[in-house]
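J.: So the chains spell out like this:
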Amino acid sequence: MSARPDRSRVKGAALLVLVALLAALVLSACGGGSSSSSSSETTTEAEAETETESTGGAEEGEEEAEGGTETAAAGSSEWCGEEGVTLGIQDGGGLNNWSKESQEQVQMISKECPAVEKEIVVDADFEPQKAVSGIQSMISQGANAIVIIPDSGNCAEVPAMRQAMQHDVTVVAWAADPCGTEGTDYTKYIDWDTKAAGREWAEWVIEQMGDKGKLLYEGGPAGNTVSSNAAEAIAEVVEEHPNVELVEPISAEEWPVTNWDPAETKKLTAAILAKHPEIDGLINDYGASVEAEVQAFQAAGREIPAVAASESNALACTWKEEKEKGHEFPLMTISSRNWLGRYAAQYAIAEASGGTPPNLKNGGIFSLGQWENSVSGKEPECRENESPEASFSNEMSEEETAKIALEG
Amino acid sequence: MTALKRRVTSPFAAIWVATLLLFIVSPFVASGSLGHSALQGMLPFTGILAIAAIGQTLVIQQGGLDLSVPGIFSMGAVLVVTIPGGSEGSLIPALIVVAAVGLAGGLINGIAVTRFGITPLVATLGSNAIFIGVVIQATGGSIAFKATKNWQEFTADKVFGIPILAVIALIATILVALFISRTIWGRRFVLVGSSPLAARAAGLSVERYQVGAYAGAGLAYALAGALLSGYLQSPPLLPGNEYLLPTIAAVVLGGTALGGGRGSVIATTVGVLFLSQLEQVVSALGAKTSVQYLIQGAIIALGMGIRNVPWDRIRHGRFGADDAAPTGPATAATPDTTSHDTASGASRIASQ
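Chains as they are written, first to last, in the numbering used here: chain G, 1 to 408; chain R, 409 to 760.
To be clear, the hints were calculated from the coordinates, so they are not data collected in a lab. Please read all numbers here as calculations on a predicted model, not as lab measurements. Please note: incorrect hints may appear among the correct ones.
As the list claims (entries may be wrong) - What the simulated footprint calls covered on chain G by chain R, stretch by stretch (three residues with Cβ under 8 Å from a Cβ of chain R suffice, anywhere in the stretch; the number is not a length):
#	segment
1	88-100
2	257-267
3	273-281
4	289-300
5	383-393
Said to hold, decoys possible - To spell it out: a stretch of chain R is covered by chain G in this simulated footprint if at least three of its residues, at any positions, have a beta carbon under 8 Å from a beta carbon of chain G; those stretches are:
#	segment
6	549-558
7	629-637
8	640-654
9	677-691
C-beta: ideal position from N, C-alpha, C; glycine also.
Kindly produce the complete structure, drawing on both the sequences and the hints.
T.: This is the structure we're talking about:
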């Protein structure tokens, strides 16, 4: 721009800084308040222990101890060995409630073991390049155990994970298919059985539909393995029931895509509703999405049919509201499975610290079964004062999770 | 007759024709895509995108480009939920803060571009990263509340059966269009966008108008974000990510020149309607996701490409040797003409 007197330039700069500071101040003052690290890369050592606010709520009060070492000593067990561990915690995504709860579950375990000397946290924001450089930076910072959700892209982490293995780093992948080979590309893979979940959802919804009618499945981003496996299993179950029809065709390759985004889900569902006057059952593999899907039914003035989905506080609250209005709809959920991170962390720490890894059922791939079932089981739980996306299955006790995940 | 001809050949006419055609064709291509339920589902999102696109139009009309839509939009969406924390009484203060933060965000962009001479692309890309960082830092990675009940109800409301979000967008479009075409500040705003040099020569404070455009845009994004939060009840952390490219696409489809000067918020809003209906039709077709993207992309490219075909010259058979000028034909000529016109009228407008 043209040359201007210096004074106005200084005034401009001062104004700029002032406005920036004001904006930052207002947001920080009004924000939800948690201090957890997110985006890019964060190294946490002792400060990990000062993280006190958690949306889970179960461990409230228990971890607010001065240094964290007391709790650590109290909770340590066979999986926590003697040798020092630098633990890398990576998430292919990282910017949503699901990722946040997953990280908290892993950190909860790492705090219990005194052998863990340092934590390195990386969120890849669904950018494969960031995910690869994250792993490499962990290796160079001396990590000897990495717990990773490898979902930044389509199998993007495999080469970097292999590189870590070559440097004798224990790599435990969880919650997303790592795509490689156990022993070469990673040490262990721990996850839920997505096909079993698909079958569970489909069989339950079809039962609620009275074995006839039209069923709608909506899944996440194109190509993701969770939705792909679930869609395949649901399509198989539907084929076994000749009077049940799919509203939109689904297979392992194709399904109505919500991108796990509430706005997109609402738009997609509105378009589907406009085309199909009759829909008798819904399946959705992400809690926040299914909440938006249900809202689209409400906005269109349509009755909410039977719903099978991943758990979500908001969904349970909608269910409760509708029930109070006399419009109860059958609802079944499966755990959002963040708590599997506890076993991923235990396994990685055990391998790196010389402890005994947990004896996992079925090689580490679990059939989770139902979490809530409004018809015959645990009633959906709504907590008005907690995050709409909160998942209460993460509050399961050690004994409860052990029943699902451990042998014997 | 001349006035009619000018209107028909106006750069903003194309989007009206395209949108009209799309609506006529819709029911034949995908049954139900124009039904009551489909429109009720589409219009609220159309309204939100239109409000954000008004902001982008203002900036592009000033020869700028605003890539900070995701950041400011998300700040608005998050603040309207986190400040009240579910308490209905705090909604109004929250909305005031949303507006203030939107204006402040826009001011930062405007000052960075005008005072420090940073290219709009770079300045707004950088500020966007800062705004997104602030959102993540302030929320800790997740939003702990739902929108207040009264905000949810307001955004889901209907006026004579039309979703209120669409009505708000329509009113905002008309008000901004009237402001630009009927007020002296509006006329000067157009002059500054067309030819900053002429405006400066006429004694106008060019920077003030440019900063104003960014600030107004910031306000539009933040309010659009706040409205989306209410409509979704529990918004995702960064809902603005989905709104950057559609705002630019709508502005360009509407006929606003990317180089600045020529612009119309009404045409942009029609562009938004076109994009939304196109999405609706393509998704109602039930085609594979990949095919949906291909169709959408092809139609938008076609829409933009057709505008650049020198129809006049083709019609008169003059598209040949004498037109082999190095710069592109019709598009390159238009802004020039506009600037000359406006430059000559500059002193008149400035002195009014």
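J.: Compare the structure with each hint and give your call.
T.: Results of checking the hints against the structure:
{"no.": "1", "hint": "88-100", "in the structure": "holds (count 6)"}
{"no.": "2", "hint": "257-267", "in the structure": "holds (count 7)"}
{"no.": "3", "hint": "273-281", "in the structure": "holds (count 3)"}
{"no.": "4", "hint": "289-300", "in the structure": "holds (count 6)"}
{"no.": "5", "hint": "383-393", "in the structure": "holds (count 6)"}
{"no.": "6", "hint": "549-558", "in the structure": "holds (count 6)"}
{"no.": "7", "hint": "629-637", "in the structure": "violated (count 1)"}
{"no.": "8", "hint": "640-654", "in the structure": "holds (count 9)"}
{"no.": "9", "hint": "677-691", "in the structure": "holds (count 3)"}
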